[in-house]
Amino acid sequence: MAGHQDWYTIKGMTHLDICPCCMRQIGGSRFRDLFIPSIPKARGENVRCALSQPWARLAWVQTMKLQLNHLELLQRITLPPKGSRACSGRKPSVQSWFRLEDPETGRNVTDFNACSACFRNLQILMPSLRDAFRAGPLVQERICDLRIDSPRFVRYLDLLDEAATRSYSAPRGRLDMREFVRYARRKSSIPDCPRGHFATGPWHYIPELPEFTICEDCYDDVVYDRSHTGIGKMVSRTPQLVPGRRDQQYTCQLYSPRMRMVFREAVQTGDFKYLATAALRRYEAENLFRERKRALLDDVARGYDKDAELRWNAEDWRRCE
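Letter 148 of the sequence shown, counting from 1, is numbered 767 in this note's numbering, and no numbers are missing.
A portion of the hints provided could be inaccurate.
[Said to hold, decoys possible] BS3-like cross-link-like pairs, simulated, lysine-lysine; straight-line CA separation at most 25 Å:
| # | residue 1 | residue 2 |
| --- | --- | --- |
| 1 | K630 | K701 |
| 2 | K630 | K660 |
| 3 | K892 | K852 |
| 4 | K630 | K684 |
| 5 | K912 | K925 |
[As the list claims (entries may be wrong)] Simulated restraints on C-beta separations:
| # | residue 1 | residue 2 | range |
| --- | --- | --- | --- |
| 6 | Q867 | S808 | 24 to 34 Å |
| 7 | E723 | A818 | 29 to 39 Å |
| 8 | R791 | Q859 | 42 to 52 Å |
| 9 | P746 | Q644 | 20 to 30 Å |
Since the hints were made in silico from the structure, they are not lab data. Cβ atoms here follow ideal geometry from the backbone N, Cα and C, with glycine treated the same way.
Please work from the sequences and hints to get the whole structure.
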(Lines of atoms letter the chains of each structure in order from A; the text may use other names.)
(Lines give C-alpha, C1' and ligand atoms only; values in the text may rest on other atoms or scores of the structure.)
Protein backbone atom coordinates (compact mmCIF):
# COMPACT_ATOMS: atom_id res chain seq x y z
CA MET A 620 0.00 0.00 0.00
CA ALA A 621 1.30 3.45 -0.86
CA GLY A 622 1.16 6.76 0.94
CA HIS A 623 0.77 5.59 4.54
CA GLN A 624 2.63 7.51 7.24
CA ASP A 625 1.13 5.82 10.32
CA TRP A 626 2.90 2.48 10.07
CA TYR A 627 5.17 1.01 12.72
CA THR A 628 8.35 -1.04 12.89
CA ILE A 629 10.25 -2.87 15.65
CA LYS A 630 13.43 -1.75 17.39
CA GLY A 631 16.30 -3.75 15.93
CA MET A 632 14.13 -5.00 13.06
CA THR A 633 13.52 -1.89 11.01
CA HIS A 634 13.35 -4.01 7.84
CA LEU A 635 9.78 -4.76 8.94
CA ASP A 636 6.79 -2.48 8.41
CA ILE A 637 3.55 -3.13 10.29
CA CYS A 638 0.25 -1.63 9.18
CA PRO A 639 -2.15 0.16 11.58
CA CYS A 640 -4.65 -2.72 11.42
CA CYS A 641 -2.09 -5.27 12.62
CA MET A 642 -0.75 -2.82 15.20
CA ARG A 643 -4.19 -2.66 16.78
CA GLN A 644 -3.98 -6.43 17.26
CA ILE A 645 -0.42 -6.74 18.56
CA GLY A 646 0.34 -3.28 19.94
CA GLY A 647 -0.91 -4.16 23.42
CA SER A 648 1.31 -7.24 23.76
CA ARG A 649 4.26 -7.57 26.13
CA PHE A 650 6.46 -6.27 23.30
CA ARG A 651 4.61 -2.95 23.08
CA ASP A 652 7.68 -0.94 24.10
CA LEU A 653 9.57 -2.25 21.07
CA PHE A 654 7.16 -0.79 18.52
CA ILE A 655 8.25 2.55 17.06
CA PRO A 656 6.99 4.64 14.13
CA SER A 657 8.28 3.31 10.84
CA ILE A 658 10.86 5.26 8.88
CA PRO A 659 8.98 7.82 6.73
CA LYS A 660 8.45 6.67 3.18
CA ALA A 661 7.81 8.59 -0.01
CA ARG A 662 4.14 9.12 -0.79
CA GLY A 663 4.26 6.96 -3.89
CA GLU A 664 6.34 4.15 -2.39
CA ASN A 665 4.57 0.84 -1.97
CA VAL A 666 4.73 -0.59 1.54
CA ARG A 667 3.78 -4.14 2.45
CA CYS A 668 2.85 -5.17 5.96
CA ALA A 669 5.31 -7.76 7.30
CA LEU A 670 2.48 -9.63 8.99
CA SER A 671 0.72 -10.15 5.67
CA GLN A 672 3.28 -12.92 5.17
CA PRO A 673 1.97 -16.23 6.59
CA TRP A 674 5.35 -17.40 7.92
CA ALA A 675 5.86 -14.08 9.72
CA ARG A 676 2.38 -14.32 11.27
CA LEU A 677 3.16 -17.86 12.39
CA ALA A 678 6.39 -16.62 13.98
CA TRP A 679 4.39 -14.09 15.99
CA VAL A 680 1.78 -16.69 16.97
CA GLN A 681 4.48 -19.14 18.10
CA THR A 682 6.21 -16.39 20.08
CA MET A 683 3.02 -15.69 22.00
CA LYS A 684 2.05 -19.36 22.34
CA LEU A 685 5.44 -20.33 23.78
CA GLN A 686 5.47 -17.19 25.96
CA LEU A 687 8.90 -16.17 24.70
CA ASN A 688 10.40 -12.93 25.98
CA HIS A 689 12.14 -12.16 22.68
CA LEU A 690 11.28 -11.82 18.99
CA GLU A 691 14.05 -14.04 17.65
CA LEU A 692 11.60 -16.25 15.74
CA LEU A 693 10.23 -13.27 13.84
CA GLN A 694 13.72 -11.98 13.10
CA ARG A 695 15.00 -15.31 11.81
CA ILE A 696 11.93 -15.90 9.65
CA THR A 697 12.06 -12.45 8.05
CA LEU A 698 15.85 -12.35 7.59
CA PRO A 699 16.85 -15.54 5.77
CA PRO A 700 20.59 -16.16 5.25
CA LYS A 701 22.16 -14.29 2.37
CA GLY A 702 22.29 -16.37 -0.76
CA SER A 703 19.46 -18.68 0.29
CA ARG A 704 16.74 -19.26 -2.27
CA ALA A 705 13.12 -18.39 -1.63
CA CYS A 706 10.23 -20.79 -2.15
CA SER A 707 9.18 -20.68 -5.80
CA GLY A 708 5.49 -21.08 -4.93
CA ARG A 709 3.40 -22.62 -7.71
CA LYS A 710 6.34 -22.58 -10.13
CA PRO A 711 8.38 -25.80 -10.43
CA SER A 712 11.90 -25.52 -9.03
CA VAL A 713 15.01 -27.66 -9.60
CA GLN A 714 16.70 -28.48 -6.28
CA SER A 715 17.08 -31.21 -3.68
CA TRP A 716 13.88 -31.65 -1.68
CA PHE A 717 13.00 -32.54 1.87
CA ARG A 718 10.78 -35.59 1.99
CA LEU A 719 8.28 -36.62 4.65
CA GLU A 720 9.00 -39.96 6.28
CA ASP A 721 6.11 -42.26 7.15
CA PRO A 722 6.86 -43.38 10.73
CA GLU A 723 4.98 -46.65 10.22
CA THR A 724 6.86 -47.79 7.11
CA GLY A 725 10.08 -45.76 7.24
CA ARG A 726 9.49 -44.80 3.61
CA ASN A 727 8.92 -41.40 2.11
CA VAL A 728 5.36 -40.25 1.46
CA THR A 729 4.98 -40.25 -2.31
CA ASP A 730 4.63 -36.86 -3.99
CA PHE A 731 5.12 -34.75 -0.86
CA ASN A 732 8.03 -32.34 -1.19
CA ALA A 733 9.18 -29.38 0.90
CA CYS A 734 11.68 -26.87 -0.46
CA SER A 735 14.72 -25.81 1.55
CA ALA A 736 13.20 -22.40 2.37
CA CYS A 737 9.95 -23.78 3.80
CA PHE A 738 11.77 -26.56 5.68
CA ARG A 739 14.07 -23.94 7.20
CA ASN A 740 11.05 -21.92 8.36
CA LEU A 741 9.46 -25.05 9.80
CA GLN A 742 12.61 -25.89 11.77
CA ILE A 743 12.74 -22.38 13.20
CA LEU A 744 9.13 -22.37 14.35
CA MET A 745 8.79 -26.05 15.32
CA PRO A 746 12.28 -27.46 15.96
CA SER A 747 10.93 -30.81 17.15
CA LEU A 748 9.87 -31.52 13.54
CA ARG A 749 13.38 -31.41 12.08
CA ASP A 750 13.72 -35.21 12.11
CA ALA A 751 10.30 -35.79 10.51
CA PHE A 752 11.73 -34.78 7.13
CA ARG A 753 14.90 -35.90 5.44
CA ALA A 754 16.79 -34.44 2.52
CA GLY A 755 16.42 -36.32 -0.74
CA PRO A 756 19.65 -37.38 -2.47
CA LEU A 757 18.59 -36.21 -5.93
CA VAL A 758 18.20 -32.80 -7.53
CA GLN A 759 14.75 -32.83 -9.14
CA GLU A 760 12.11 -30.50 -10.55
CA ARG A 761 9.18 -30.33 -8.15
CA ILE A 762 6.60 -27.93 -6.70
CA CYS A 763 6.78 -27.24 -2.95
CA ASP A 764 3.85 -28.68 -1.01
CA LEU A 765 4.41 -26.28 1.91
CA ARG A 766 4.16 -23.17 -0.26
CA ILE A 767 2.07 -20.39 1.26
CA ASP A 768 -0.24 -20.09 -1.76
CA SER A 769 -1.38 -23.70 -1.45
CA PRO A 770 -5.01 -24.06 -0.31
CA ARG A 771 -3.71 -26.82 1.99
CA PHE A 772 -1.08 -24.66 3.69
CA VAL A 773 -3.20 -23.75 6.72
CA ARG A 774 -4.31 -27.34 7.35
CA TYR A 775 -0.77 -28.64 6.88
CA LEU A 776 0.60 -26.15 9.41
CA ASP A 777 -2.22 -26.84 11.87
CA LEU A 778 -1.47 -30.57 11.82
CA LEU A 779 2.28 -30.00 12.08
CA ASP A 780 1.78 -27.64 15.01
CA GLU A 781 -0.46 -30.19 16.74
CA ALA A 782 2.22 -32.86 16.29
CA ALA A 783 4.93 -30.55 17.64
CA THR A 784 2.77 -29.55 20.62
CA ARG A 785 2.03 -33.20 21.49
CA SER A 786 5.74 -33.98 21.45
CA TYR A 787 6.40 -31.50 24.28
CA SER A 788 4.49 -33.68 26.74
CA ALA A 789 5.25 -37.09 25.19
CA PRO A 790 7.81 -39.46 26.76
CA ARG A 791 11.29 -38.41 25.61
CA GLY A 792 9.67 -35.91 23.25
CA ARG A 793 8.39 -38.64 20.93
CA LEU A 794 6.97 -37.17 17.74
CA ASP A 795 3.71 -38.64 16.45
CA MET A 796 3.25 -37.67 12.79
CA ARG A 797 0.63 -40.28 11.89
CA GLU A 798 -2.28 -37.87 11.52
CA PHE A 799 -0.28 -35.49 9.34
CA VAL A 800 1.06 -38.36 7.22
CA ARG A 801 -2.45 -39.71 6.64
CA TYR A 802 -3.64 -36.28 5.51
CA ALA A 803 -0.58 -35.63 3.32
CA ARG A 804 -0.79 -39.07 1.69
CA ARG A 805 -4.47 -38.61 0.90
CA LYS A 806 -3.97 -35.11 -0.48
CA SER A 807 -0.99 -36.11 -2.61
CA SER A 808 -3.35 -38.04 -4.89
CA ILE A 809 -5.79 -35.12 -5.29
CA PRO A 810 -5.08 -32.16 -7.60
CA ASP A 811 -4.79 -28.75 -5.95
CA CYS A 812 -7.89 -26.57 -5.93
CA PRO A 813 -7.79 -24.23 -8.96
CA ARG A 814 -9.52 -21.57 -6.85
CA GLY A 815 -10.46 -18.69 -9.18
CA HIS A 816 -8.63 -20.08 -12.21
CA PHE A 817 -10.72 -21.62 -14.97
CA ALA A 818 -10.50 -25.40 -15.36
CA THR A 819 -12.36 -27.93 -17.48
CA GLY A 820 -13.12 -30.26 -14.58
CA PRO A 821 -14.70 -32.73 -14.07
CA TRP A 822 -16.46 -31.30 -11.01
CA HIS A 823 -18.58 -32.27 -8.07
CA TYR A 824 -21.86 -30.35 -8.31
CA ILE A 825 -25.54 -30.34 -7.37
CA PRO A 826 -27.77 -31.07 -10.41
CA GLU A 827 -30.32 -28.50 -9.15
CA LEU A 828 -27.50 -25.95 -8.76
CA PRO A 829 -24.94 -26.56 -11.55
CA GLU A 830 -23.34 -23.13 -11.01
CA PHE A 831 -22.00 -24.42 -7.66
CA THR A 832 -18.98 -26.33 -8.99
CA ILE A 833 -16.70 -27.97 -6.42
CA CYS A 834 -13.20 -29.32 -7.08
CA GLU A 835 -11.98 -32.67 -5.71
CA ASP A 836 -9.79 -30.95 -3.12
CA CYS A 837 -12.61 -28.87 -1.63
CA TYR A 838 -15.03 -31.81 -1.79
CA ASP A 839 -12.54 -33.79 0.28
CA ASP A 840 -12.10 -30.90 2.75
CA VAL A 841 -15.70 -29.80 3.19
CA VAL A 842 -18.28 -32.11 1.64
CA TYR A 843 -16.98 -35.66 2.15
CA ASP A 844 -17.64 -35.82 5.90
CA ARG A 845 -21.13 -34.40 5.28
CA SER A 846 -21.99 -36.54 2.25
CA HIS A 847 -24.45 -38.60 4.33
CA THR A 848 -26.59 -35.52 5.12
CA GLY A 849 -29.52 -34.18 3.11
CA ILE A 850 -27.67 -31.44 1.24
CA GLY A 851 -24.42 -33.40 1.30
CA LYS A 852 -26.16 -36.24 -0.55
CA MET A 853 -27.23 -33.80 -3.28
CA VAL A 854 -23.60 -33.23 -4.30
CA SER A 855 -22.36 -35.76 -6.85
CA ARG A 856 -20.07 -38.27 -5.12
CA THR A 857 -17.81 -38.58 -8.14
CA PRO A 858 -16.51 -35.72 -10.32
CA GLN A 859 -18.53 -35.33 -13.51
CA LEU A 860 -18.79 -33.01 -16.49
CA VAL A 861 -21.24 -30.20 -15.81
CA PRO A 862 -24.22 -30.13 -18.21
CA GLY A 863 -23.76 -27.51 -20.90
CA ARG A 864 -21.13 -26.83 -23.53
CA ARG A 865 -18.43 -29.48 -23.54
CA ASP A 866 -15.66 -26.90 -23.82
CA GLN A 867 -17.00 -24.66 -21.05
CA GLN A 868 -14.61 -24.02 -18.15
CA TYR A 869 -15.54 -23.31 -14.55
CA THR A 870 -13.93 -22.20 -11.31
CA CYS A 871 -14.22 -23.78 -7.88
CA GLN A 872 -16.97 -22.18 -5.79
CA LEU A 873 -16.07 -23.66 -2.38
CA TYR A 874 -12.49 -22.63 -1.64
CA SER A 875 -13.20 -19.42 0.27
CA PRO A 876 -13.75 -19.49 4.06
CA ARG A 877 -17.02 -17.59 3.54
CA MET A 878 -18.54 -20.13 1.15
CA ARG A 879 -17.32 -23.03 3.26
CA MET A 880 -19.12 -21.51 6.23
CA VAL A 881 -22.26 -21.02 4.12
CA PHE A 882 -22.17 -24.67 3.04
CA ARG A 883 -21.69 -25.94 6.59
CA GLU A 884 -24.55 -23.78 7.87
CA ALA A 885 -26.82 -24.93 5.04
CA VAL A 886 -26.03 -28.58 5.79
CA GLN A 887 -26.59 -28.07 9.51
CA THR A 888 -29.97 -26.39 9.02
CA GLY A 889 -31.01 -28.30 5.90
CA ASP A 890 -31.62 -24.99 4.14
CA PHE A 891 -30.96 -25.55 0.43
CA LYS A 892 -32.52 -22.20 -0.51
CA TYR A 893 -29.94 -20.40 1.66
CA LEU A 894 -27.10 -22.26 -0.08
CA ALA A 895 -28.54 -21.68 -3.55
CA THR A 896 -29.04 -17.95 -2.94
CA ALA A 897 -25.48 -17.49 -1.67
CA ALA A 898 -23.98 -19.63 -4.44
CA LEU A 899 -25.82 -17.80 -7.25
CA ARG A 900 -24.90 -14.39 -5.82
CA ARG A 901 -21.25 -15.42 -5.73
CA TYR A 902 -21.41 -16.86 -9.25
CA GLU A 903 -22.94 -13.66 -10.62
CA ALA A 904 -20.48 -11.47 -8.68
CA GLU A 905 -17.56 -13.45 -10.11
CA ASN A 906 -18.83 -13.03 -13.67
CA LEU A 907 -19.36 -9.29 -13.11
CA PHE A 908 -15.83 -8.99 -11.66
CA ARG A 909 -14.34 -10.63 -14.75
CA GLU A 910 -16.39 -8.51 -17.16
CA ARG A 911 -15.32 -5.31 -15.39
CA LYS A 912 -11.70 -6.43 -15.33
CA ARG A 913 -11.68 -7.18 -19.06
CA ALA A 914 -13.18 -3.77 -19.85
CA LEU A 915 -10.72 -1.97 -17.57
CA LEU A 916 -7.72 -3.82 -19.03
CA ASP A 917 -8.92 -2.85 -22.51
CA ASP A 918 -8.88 0.78 -21.36
CA VAL A 919 -5.37 0.30 -19.93
CA ALA A 920 -4.22 -1.11 -23.29
CA ARG A 921 -5.50 2.10 -24.91
CA GLY A 922 -3.36 4.16 -22.55
CA TYR A 923 -5.83 5.07 -19.78
CA ASP A 924 -4.89 4.95 -16.09
CA LYS A 925 -7.33 2.52 -14.47
CA ASP A 926 -5.31 1.46 -11.40
CA ALA A 927 -7.86 2.83 -8.90
CA GLU A 928 -10.78 1.17 -10.69
CA LEU A 929 -8.92 -2.15 -10.93
CA ARG A 930 -8.18 -2.05 -7.19
CA TRP A 931 -11.80 -1.24 -6.38
CA ASN A 932 -13.01 -4.06 -8.62
CA ALA A 933 -10.67 -6.55 -6.90
CA GLU A 934 -11.70 -5.37 -3.43
CA ASP A 935 -15.39 -5.59 -4.34
CA TRP A 936 -14.89 -9.17 -5.53
CA ARG A 937 -13.02 -10.13 -2.35
CA ARG A 938 -16.08 -9.11 -0.34
CA CYS A 939 -18.19 -11.55 -2.36
CA GLU A 940 -15.61 -14.28 -2.79
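Inset, instruction - Note whether the CB distance of R791 and Q859 lies within 42 to 52 Å or breaks it. - result: Holds - the Cβ-Cβ distance for R791 and Q859, about 50 Å, lies within 42 to 52 Å.
Legend entry - 25 Å limit on alpha-carbon distance, applied to hinted pair K892 and K852: holds, 15 Å
Inset, instruction - Decide if the proposed pair is consistent with the structure: K912 and K925, CA atoms, cutoff 25 Å inclusive. - result: Given pair K912, K925 holds - Cα atoms ~10 Å apart, limit 25 Å.
Inset, instruction - With a cut-off of 25 Å on the C-alpha distance, tell me whether K630 and K701 pass. - result: holds, 21 Å
Inset, instruction - Please test the hint of 29 to 39 Å on the beta carbon pair from E723 and A818. - result: Since E723 and A818 have Cβ atoms about 34 Å apart, the given range 29 to 39 Å holds.
Inset, instruction - Given the hint that K630 pairs with K660, test it: the Cα-Cα distance must not exceed 25 Å. - result: The hint holds at about 17 Å.
Inset, instruction - Just tell me: holds or violated, for the beta carbon distance of Q867 and S808 against 24 to 34 Å? - result: Given range 24 to 34 Å: holds, Cβ gap about 26 Å.
Legend entry - Pair hint outcome, K630 versus K684 [Cα-Cα no greater than 25 Å]: Distance ~22 Å between K630 and K684 Cα, so the pair holds.
Legend entry - Outcome for the supplied range 20 to 30 Å, where the beta carbon pair is P746 and Q644: holds, 26 Å
Every hint, counting from the list given before, is met by this structure.
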